[in-house]
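S.K.: The lines below spell out each chain.
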Amino acid sequence: MSKQTLPSSRVGRRVVAVLAIAIALDTVAQLLWKFAAMRLPSSMSPSVQFHAIAHDPLPLLVIAVSVLQLVNWLLVLERVDLSYAQPLTALSYVSVCLLSAWLFGERLDAHKVFGVLLVLIGVALVSASPVRREKP
Amino acid sequence: MSPTLIGILLVLACTGVEGLAQICLKQSTRQPSRRTRWICLGVALFVVEALIYTAALQRLDVSVAYALGAMSFVVVALGASWLLGESLPIVRRLGIGCIVAGCAVLATRG
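Just so you know, the sequences run in chain order A and B. For the first sequence, the working numbering assigns the number -13 to the initial residue and increments by one for each residue that follows. For the second sequence, the working numbering assigns the number 18 to the initial residue and increments by one for each residue that follows.
Don't read these hints as lab results, they were simulated from the structure. C-beta atoms are modelled at their ideal positions from N, C-alpha and C, and glycine is treated no differently. Hints may contain errors.
[As the list claims (entries may be wrong)] Pair by pair, the computed Cβ-Cβ distance ranges are:
id: 1; chain 1: B; residue 1: Leu105; chain 2: A; residue 2: Ser33; range: 31 to 37 Å
id: 2; chain 1: B; residue 1: Ser98; chain 2: A; residue 2: Leu89; range: 35 to 41 Å
id: 3; chain 1: A; residue 1: Val57; chain 2: B; residue 2: Val108; range: 41 to 47 Å
id: 4; chain 1: B; residue 1: Gly33; chain 2: A; residue 2: Pro43; range: 26 to 32 Å
id: 5; chain 1: B; residue 1: Ser104; chain 2: A; residue 2: Pro32; range: 41 to 47 Å
id: 6; chain 1: A; residue 1: Leu84; chain 2: B; residue 2: Ala30; range: 24 to 30 Å
id: 7; chain 1: B; residue 1: Thr53; chain 2: A; residue 2: Leu54; range: 28 to 34 Å
id: 8; chain 1: A; residue 1: Arg118; chain 2: B; residue 2: Ser50; range: 19 to 25 Å
id: 9; chain 1: B; residue 1: Arg51; chain 2: A; residue 2: Trp88; range: 40 to 46 Å
id: 10; chain 1: B; residue 1: Ser50; chain 2: A; residue 2: Leu84; range: 24 to 30 Å
id: 11; chain 1: B; residue 1: Val64; chain 2: A; residue 2: Ser31; range: 15 to 21 Å
[To be verified] One side only, chain A facing chain B, incomplete, derived with CB under 10 Å:
id: 12; residue: Trp19
id: 13; residue: Met24
id: 14; residue: Ala40
id: 15; residue: Pro43
id: 16; residue: Leu47
id: 17; residue: Ile49
id: 18; residue: Ala50
id: 19; residue: Leu54
id: 20; residue: Leu60
id: 21; residue: Leu63
id: 22; residue: Arg65
id: 23; residue: Asp67
id: 24; residue: Cys83
id: 25; residue: Lys98
id: 26; residue: Val102
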């Protein structure tokens, strides 16, 4: 494998596509996890937890989404630096914030909108940083 | 300790485990001869993280838990730099700083 540093505008469509899928899967996994956690008893006892998980199909769905996430994430890491790709997944903070306001009735005020804007600026800066791309 | 404080501590523990897991996964793409070993180690760490995180979500709003998890961006970037030798251009550091600041803002008022 040889490595090449490229301006981020040259990162390529395939990298953009796998990153977009990673963010979408992150969002789905987070929201499903919250649904699953809300249905579990709030006991720390592993046996109580295990029993509840074994009788609820939702955690299995979370695991299935997580496997897809892992496979897709390895496709991302094959192509670009970890310190470039990982911060970009912060875009799922924006989607989770908006969707959890809608689905779970969690509060969304000016304060949260400011936080979301900071995250968006940060993601824009990271995506503008030069990328070391790994070429097979 | 209040349930909220326990939840916060659990999420912070997750960020450390997450950093190690991500480094294992990246290492799997760099060392094809030990690919399976690195992936298994990474996945095992993610399972540990998932268990801790589930306990945290029972005590916190999903948006607050996820916002605190932003510290993993710092942990992962430093780990990638120290252990994997990745360079951290100044623009990238600034971006990561903004992301963490944004998440801190999101976390301060649930």
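S.K.: Next, verify each hint and record whether it holds.
M.R.: Quick rundown of the hints versus the structure:
no.: 1; hint: Leu105(B) x Ser33(A): 31 to 37 Å; verdict: violated, 44 Å
no.: 2; hint: Ser98(B) x Leu89(A): 35 to 41 Å; verdict: holds, 37 Å
no.: 3; hint: Val57(A) x Val108(B): 41 to 47 Å; verdict: violated, 30 Å
no.: 4; hint: Gly33(B) x Pro43(A): 26 to 32 Å; verdict: holds, 31 Å
no.: 5; hint: Ser104(B) x Pro32(A): 41 to 47 Å; verdict: holds, 42 Å
no.: 6; hint: Leu84(A) x Ala30(B): 24 to 30 Å; verdict: holds, 27 Å
no.: 7; hint: Thr53(B) x Leu54(A): 28 to 34 Å; verdict: violated, 19 Å
no.: 8; hint: Arg118(A) x Ser50(B): 19 to 25 Å; verdict: holds, 22 Å
no.: 9; hint: Arg51(B) x Trp88(A): 40 to 46 Å; verdict: holds, 44 Å
no.: 10; hint: Ser50(B) x Leu84(A): 24 to 30 Å; verdict: violated, 43 Å
no.: 11; hint: Val64(B) x Ser31(A): 15 to 21 Å; verdict: holds, 18 Å
no.: 12; hint: Trp19; verdict: holds, 6 Å
no.: 13; hint: Met24; verdict: holds, 8 Å
no.: 14; hint: Ala40; verdict: violated, 14 Å
no.: 15; hint: Pro43; verdict: violated, 16 Å
no.: 16; hint: Leu47; verdict: violated, 13 Å
no.: 17; hint: Ile49; verdict: holds, 9 Å
no.: 18; hint: Ala50; verdict: violated, 13 Å
no.: 19; hint: Leu54; verdict: violated, 13 Å
no.: 20; hint: Leu60; verdict: holds, 6 Å
no.: 21; hint: Leu63; verdict: holds, 5 Å
no.: 22; hint: Arg65; verdict: holds, 9 Å
no.: 23; hint: Asp67; verdict: holds, 5 Å
no.: 24; hint: Cys83; verdict: holds, 5 Å
no.: 25; hint: Lys98; verdict: holds, 6 Å
no.: 26; hint: Val102; verdict: holds, 7 Å
Of the numbered hints stated above, those contradicted by the structure are hints 1, 3, 7, 10, 14, 15, 16, 18 and 19, listed in ascending order.
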